[in-house]
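Sequence lines, in order, name chains H, X, W and R.
If you count by this note's numbering, then the first sequence holds residues 256 to 774, one letter each, in order.
If you count by this note's numbering, then the second sequence holds residues 15 to 355, one letter each, in order.
If you count by this note's numbering, then the third sequence holds residues 471 to 825, one letter each, in order.
If you count by this note's numbering, then the fourth sequence holds residues 24 to 330, one letter each, in order.
The set of hints was computed from the structure by calculation and includes no laboratory data.
Hints should not be assumed to be uniformly reliable.
Unchecked claim - The calculated label-pair distances, taken between Cβ atoms and stated as ranges, are:
id : chain 1 : residue 1 : chain 2 : residue 2 : range
1  : H       : E332      : R       : I157      : 45 to 53 angstroms
2  : R       : N271      : H       : T526      : 45 to 53 angstroms
3  : W       : I654      : X       : E114      : 23 to 31 angstroms
4  : W       : I482      : R       : L277      : 18 to 26 angstroms
5  : R       : N271      : H       : N272      : 47 to 55 angstroms
6  : X       : A61       : R       : S87       : 49 to 57 angstroms
This one's a predicted model, so the numbers in the text were calculated from it and none came from an experiment.
Every residue gets a Cβ at the ideal spot worked out from N, C-alpha and C, and that includes glycine.
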Amino acid sequence: MDDIILSLQEITKVYDNGVFANRKVSIDFKKGEIHSVVGENGAGKSTIMKIAFGMEKQSEGQIVYKGKPVQFENSMEAIKLGIGMVHQHFMLIPSFTVAQSIVLGNEPVKNKFFVDYNQATKKATELAKKYNFEIDVKAKIETLSVGAKQKVEILKTLYQDAEVIILDEPTAVLTPQETDALFIELKKFRELGHTVIFISHKLNEVKQISDRITIMKNGESCGTYNACDISIEKMTELIVGRELSTSFEDIKKKLDNTKAVLAVENLEIKTTKKHTLNNINFTVKSGEILGIAGVQGNGQSELIQAIAGMRSFTSGSIHLNDVDISTIPIKQRRQKGLAYIPEDRMQDGIAANASISDNIISTYYDSPEISGKVFMKNKSIRTIADNLISKFSVKTTSAKTKIGSLSGGNIQKVVVAREYQTDPQLLIAEQPTRGIDIGSANFIHNQLIDLRNEGRAILLVSADLTEVMDLSDKLIVMYDGEIVAYFESTNDVTDKDLGLYMLGVKKQSEEEIRRAYRV
Amino acid sequence: SSKPAEKPSNTDQPEGEKTIKVALLLPYIGDQSYFDIVYAGFQEISAMPNVEAKLIEMGKDNSKWENYYLEAAEGGYDLIMGGNWEAEPSLYKIAKEFPEQKFINFDYSAPEDLPNVYAMTYKCEELGFLAGAVAGTATTTNKIGAIGGMDSPSINDFFGGYITGAQAANPDVKVSFGYVGNFQDAPKAKEQADNMYKSGADVIFHAAGGAGNGLFESASGLEGVWAIGVDSDQSLTFSEKPEIVKVILSSATKNCDKALVRAFNMYLDGTLPFGEKELLGYKEGGVGIVKNDAYNNFFSDEQKAAIEQLEQDLIDGKFDIPQIRLETDNTKWEALKASVQ
Amino acid sequence: MFKKNSDVMFEIVKTLVAIAISLVISFLILVLVSKTPVDAFFKLLTAPVTKIRYFGNVLETMVPIGFAGLATSLLFRTGLFNLGTEGIYYICGVVTATVASQMFGNAFLDPILTILISSVFGGLVALIPGYFKAKYNTNELVVSLMMNSILFGLGLFFVKTFIRASDVPSVASNKFMETTRLPIFIPGTRTHIGVIVLLVVTVLMFILLFKTKLGYSIRMTGLNKNFAKYSGMSAFALFLSVHFISGFIGGMGSSIELLGMYERFTWVALPGLGFTGALIATLGKNNPFGVLLASFGIAYIRVGAEIMSRTTDVPVEMAAFVEAILVFLIMSQYFLKKWRDRSLLKEGDKANGTV
Amino acid sequence: MEQYKDLIFSASFFFVIIRVCVPLMFASMSAYTANLSGLPNIAVEGIMLIAAIMGVLGSVWTHSAWLGLLVAIASGILMALILAFSAIKLKTTPIMGGIALNVFASSFTVFLLFVITGSKGTTASLPSKVLPTIHIPIIKDIPILGEIISGHNVLAYICMITAVLVYILVYKTKFGLHMRASGLDENAARSVGINVNRVRFTSLILSGILAAMGGAYLSMGYLSFFTANMTASRGWIGIAAEAMGRGNFITVLLTTLVFGVFDAITNVLSLTNLPSELLQTIPYLAVFFAIIAYSIKEYNKKKRNNA
Ligand SMILES: Nc1ncnc2c1ncn2[C@@H]1O[C@H](COP(=O)(O)OP(=O)(O)OP(=O)(O)O)[C@@H](O)[C@H]1O
Ligand SMILES: Nc1ncnc2c1ncn2[C@@H]1O[C@H](COP(=O)(O)OP(=O)(O)OP(=O)(O)O)[C@@H](O)[C@H]1O
Ligand SMILES: [Mg+2]
Ligand SMILES: [Mg+2]
């Protein structure tokens with residue numbers, strides 16, 4: 256069991272823009288192990304894995320697979336040799352169905368040339384069942400929630416029957432239940448003698464599932480440890496360089512004179528087929544964080560998009576500080592104090608080919624500090640950008656760098672920094688720390704609490720239950736487009752109970768739910 | 015077909031004799047119309063002994079042409095040939111600046127009296143007349159047609175003559191007209207010709223440059239219909255396509271090539287009247303009609319005689335042929351057209 | 471720090487090597503078609519700078535394609551694949567011709583007014599695809615291609631019916647009033663002050679794109695329109711303004727070209743300048759100064775090739791060869807990448823610090 | 024007016040529509056296959072032009088129309104490969120490469136014409152061959168249908184068959200799925216091991232073949248010779264039709280048909296005294312209004328679904 260299946264030897268990668276993403280990184284992966292790679296944002300984890308998968312070419316160094324040196328020209332060659340990968344950012348085609356996406360690249364065929372779509376649907380359904388992923392294989396990707404998309408990504412890789420599978424932050428948007436289910440499958444996978452390479456910022460997960468753990472920093476490897484030999488605290492220290500406190504209770508201030516900042520009343524979204532949102536009523540007050548818990552795809556995204564103005568809704572109203580914002584354009588909503596950290600940062604949150612400084616001002620570019628009537632104030636923009644970069648420790652050479660060349664976590668930091676900078680009345684934070692390393696996540700959490708302490712209202716949606724439970728003052732649970740539970744305090748509910756609400760097994764009474772709307 | 019015959023220098027010229035340098039400025043060749051004919055004449059000139067001839071293509075962007083004339087004037091040529099209404103202003107402007115330089119304007123439209131420029135032009139309406147006479151004589155359905163590249167005065171100038179000629183030969187004749195919209199889209203011209211033939215016309219004349227080739231293609235695909243070419247003997251262009259040559263009843267020609275060679279010979283003799291201009295009609299050999307095999311086979315002797323009579327009447331100035339290019343508005347042309355529909 | 475300089479250096483070296491390679495290829499072709507390839511080659515390369523007049527020709531040629539390039543690049547920047555500048559050029563030429571025969575006779579006011587009217591007209595016409603794009607997300611490529619032909623037909627009809635000159639045997643307008651013609655700016659050439667206007671518009675365009683709010687939203691929308699929407703930028707207003715400005719610049723280019731280089735409107739086919747504009751916009755990477763440079767480059771090659779063709783035995787079609795080769799090579803991004811990777815590695819080893 | 028009615032309401036008018044549509048369809052399919060794989064080919068016009076002349080020359084050199092067609096196709100493939108190579112290997116913007124090829128093609132064909140025939144106008148003086156016209160055995164005797172369907176140039180039938188084949192290729196086959204995936208998101212396609220570059224090279228070859236057949240049809244079927252710039256913007260119509268379809272093959276074909284039908288009608292109307300400049304805009308206006316109606320419909324549909 257000790258033989259090495261994939262060995263990365265002295266890999267160096269320099270990107271076109273001169274960034275050294277990896278410097279002489281060597282890692283050995285054994286057959287039949289679950290091997291985690293952890294490290295702060297921009298440490299080079301994704302890059303080294305893309306190289307192992309043939310999507311990027313190393314500048315120097317060698318890959319040895321099953322004892323033979325290999326040189327991948329593209330990922331097809333890696334896939335042929337039995338390496339599969341789930342990418343940090345989705346690689347899905349919106350107009351394709353789930354089944355099409357899963358079989359793409361290795362489709363069942365009839366008469367040699369023709370795709371057998373029936374067979375594809377069947378295979379995809381079987382696969383989803385086998386791994387306990389509940390998903391409609393005939394649905395189009397564009398209709399799926401982020402969580403569901405993530406499942407498709409994982410199924411895609413599993414379908415390819417790889418011997419080595421690389422999972423780049425697959426659990427960032429999964430619920431604990433889904434993560435558990437995934438882990439069971441990964442372990443089965445290991446039992447079959449396959450190798451799993453797992454990247455995550457959630458160190459407890461890492462500790463729980465890994466056999467061995469490699470820690471990366473600054474593009475270099477700082478060693479590989481047996482999972483049983485290293486504690487979470489030790490990992491944290493190696494990655495962040497200091498210890499982190501995780502309890503927010505003591506830093507939350509108690510505020511007086513709170514008032515409803517956001518009031519959502521009877522909100523309803525009906526699409527041709529079904530109710531996406533039904534009878535949604537709740538308020539968020541100043542100085543509080545309202546968490547929304549729920550399995551992805553139960554209407555949270557639609558709710559958020561309706562509030563943010565990214566989509567229209569059928570009926571109901573939305574008030575921000577007593578002003579009806581139901582139908583006003585996004586720009587005016589923002590001017591009235593709304594800020595929004597979107598779920599899909601690559602699609603909505605940034606313009607990948609623009610610089611960091613262009614991206615870091617987009618949502619308030621016509622505020623007076625930044626622009627006059629006609630012209631932009633480029634000097635102040637530089638100052639703001641530089642300040643934010645250092646405040647949020649975005650890892651970059653300068654504010655002029657293309658944001659798309661940052662690591663995933665650092666991109667997220669820019670998005671958060673931007674929304675933070677608008678000094679909002681209401682911050683909608685959707686998956687705010689998705690893919691962010693523990694140090695930075697901790698920092699962002701502190702920023703959210705600060706904002707709350709200053710009397711702002713925060714609406715928090717996250718698939719990371721720990722995050723929701725730790726940060727929120729109050730909590731609503733959504734299931735199938737409705738609010739099924741409301742809790743005055745996160746202490747009022749146990750994880751297990753919460754799970755039952757989220758899965759639609761339990762539901763509070765109308766009256767109890769009605770409390771979420773407090774005028 | 016003729017091979018490219020540009021000879022920058024004539025190698026086997028006798029020692030001591032002076033080489034004459036001539037330049038011809040054309041927008042481009044390949045219009046399959048009169049630029050190509052002028053060029054054909056020029057090729058004849060360049061084949062003469064002791065002549066160094068250079069064709070200069072100026073391109074379609076006429077804002078640049080003045081530069082070309084200027085260049086040529088500075089280029090040490092003995093004689094510069096150029097012309098056509100669009101290039102003419104540049105020619106005259108440069109001719110004024112270089113009074114020592116001799117010019118031939120091979121096709122004038124608004125000439126100026128300059129002592130160093132000889133200018134000529136052609137009676138295109140007579141060319142149209144000749145085509146019309148042939149078409150009017152040939153038709154058995156009393157319906158003929160004409161296809162133009164564009165609905166412009168210079169094209170309708172041909173057609174004004176065409177109507178007159180056809181009526182002279184056949185008072186009952188009806189004429190329909192079509193315009194391709196450009197001078198390249200031969201497939202489109204073919205469709206228009208097809209429609210015309212199908213609606214009863216049996217002889218069609220064209221003034222559509224390269225697009226006009228589509229007319230011949232159309233005629234060759236149908237039974238009992240004929241086409242008349244323009245500018246040069248177009249049956250020669252189709253030397254390798256007998257099925258097409260067969261349907262080209264005749265071509266009404268604009269003899270720029272001959273006129274150019276004639277003028278050049280006069281220049282060599284020292285008899286070319288610089289400062290003067292000439293209008294070349296059928297009488298002067300400026301325009302003509304080709305009587306090829308198809309023509310000879312098709313027409314009976316009577317018909318041939320009738321056509322010859324019309325030609326003679328034309329020379330005698332018996333017809334009042336409208337000159338559409340000189341009209342200030344469309345009324346005359348519209349009326350003329352209406353009279354044959 | 472080394473990054474920035476080496477970036478610029480790399481671009482320059484890349485472009486130079488690309489030019490060198492395309493010249494070698496061009497030379498090889500010349501060897502095939504010419505009896506005096508060396509002479510022809512030198513003409514092609516150096517002729518435009520041998521005489522002030524030739525250089526003037528380069529500038530003259532550069533003006534219309536430069537304006538077309540700027541107009542098109544603005545649309546491309548916004549992520550709009552619109553090839554409508556061709557039609558704008560035509561129809562604004564017609565407008566110029568109409569206006570330029572009815573001016574006041576004031577040599578200062580006349581050209582300014584004519585150009586202005588033509589520009590505004592161009593802007594308004596461009597609002598047609600702009601509006602349908604903004605409101606209904608109508609595909610702008612289809613609309614613009616169709617409009618090119620439609621505008622051509624309408625324009626030609628208008629010229630023929632309403633403003634045709636009776637003294638020429640073709641469809642052309644009457645002569646423009648002398649007072650509307652643009653003054654010559656380099657004596658001894660025909661280079662008119664349109665060149666200056668082009669420079670000014672280029673600078674203004676640069677300012678627009680990189681210093682103004684509108685420019686900022688143009689750039690962001692062009693890069694990711696979901697992001698622009700999310701950020702609260704109004705696509706509707708933006709698409710309308712961008713189209714208007716682009717049409718305005720197109721109308722200006724057309725008018726300036728006609729008043730500078732023509733004495734009457736004689737276009738009886740689409741002039742092709744709009745398509746060249748698309749070429750130049752892409753070549754200049756949709757950056758105003760890039761566009762200026764590209765239009766100079768293309769103008770230089772065209773004039774060089776013209777001079778070559780009229781003084782040697784090389785046919786004028788050679789210009790298109792050289793242009794095509796050059797375009798391909800300059801645009802090659804990949805080109806020399808290997809070399810650069812290696813040099814980066816070396817530099818990195820030396821620096822050996824963190825990034 | 025009567026006579027024009029007869030021209031339009033007759034079987035032969037439908038025959039003409041097919042004849043007019045063939046080159047346009049080839050152009051549309053060429054633009055479609057290329058763009059579907061994510062590498063737009065706006066050199067359709069240029070490729071058609073080059074193929075049109077090469078087909079004629081090929082038939083002169085080989086004394087065979089079919090070999091001529093092969094030469095045309097080979098030249099089309101070569102052009103498409105230049106575009107593909109520069110876009111994929113040299114990372115040139117394909118739009119730019121396309122425009123450059125168009126510029127090149129219109130000059131090169133004239134240059135070639137001049138070198139070979141000594142004129143810059145047509146190849147009519149060369150003994151070139153045309154591809155045969157086919158009379159379909161049984162169908163040709165069916166009254167109206169036979170008149171419409173039978174008697175076209177062989178390339179017209181090849182065009183119809185190709186349309187069906189392209190449909191099957193795109194919507195039913197493995198390669199078609201890979202084409203669509205590469206066009207919609209190349210990273211996604213790469214991530215599942217699709218060799219995007221190879222897909223694009225293949226699609227461009229296909230695109231080149233299709234455009235080449237469209238060009239060959241013009242000079243070896245529609246007409247029996249090449250004339251300078253005889254494509255007269257047909258390639259651009261194909262590109263517009265492709266853009267209108269947004270990946271939907273049927274829409275692409277329908278758009279082409281709309282243009283073709285109105286073009287044929289215009290050819291009849293040109294016998295009237297209506298101003299020719301305005302008449303010539305009719306097919307373009309038809310497509311213009313079609314796309315606007317289409318996009319308003321899509322917009323309303325989206326509105327309805329979203330609310
Ligand atoms: N395409 C690219 N071009 C240029 N630089 C890049 C590119 N992709 C990544 N980088 C840079 O390489 C470094 C490593 O990035 P990588 O994505 O490997 O980090 P990571 O460890 O996966 O981080 P995260 O946890 O945030 O996902 C970063 O500094 C990033 O900015
Ligand atoms: N700021 C923007 N920049 C560029 N494109 C945008 C922008 N805003 C919207 N779009 C695009 O314009 C089109 C119409 O957007 P719009 O927001 O008006 O949609 P809508 O039909 O009104 O949807 P909804 O009903 O959800 O508001 C979409 O394709 C969208 O992606
Ligand atoms: Mg990563
Ligand atoms: Mg809207």
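Hints versus structure:
no. : hint                                     : verdict
1   : E332(H) with I157(R): 45 to 53 angstroms : holds, 47 angstroms
2   : N271(R) with T526(H): 45 to 53 angstroms : violated, 23 angstroms
3   : I654(W) with E114(X): 23 to 31 angstroms : holds, 25 angstroms
4   : I482(W) with L277(R): 18 to 26 angstroms : violated, 49 angstroms
5   : N271(R) with N272(H): 47 to 55 angstroms : violated, 38 angstroms
6   : A61(X) with S87(R): 49 to 57 angstroms   : violated, 36 angstroms
Checked against the numbered hints listed earlier, the structure breaks hints 2, 4, 5 and 6; every other hint is satisfied.
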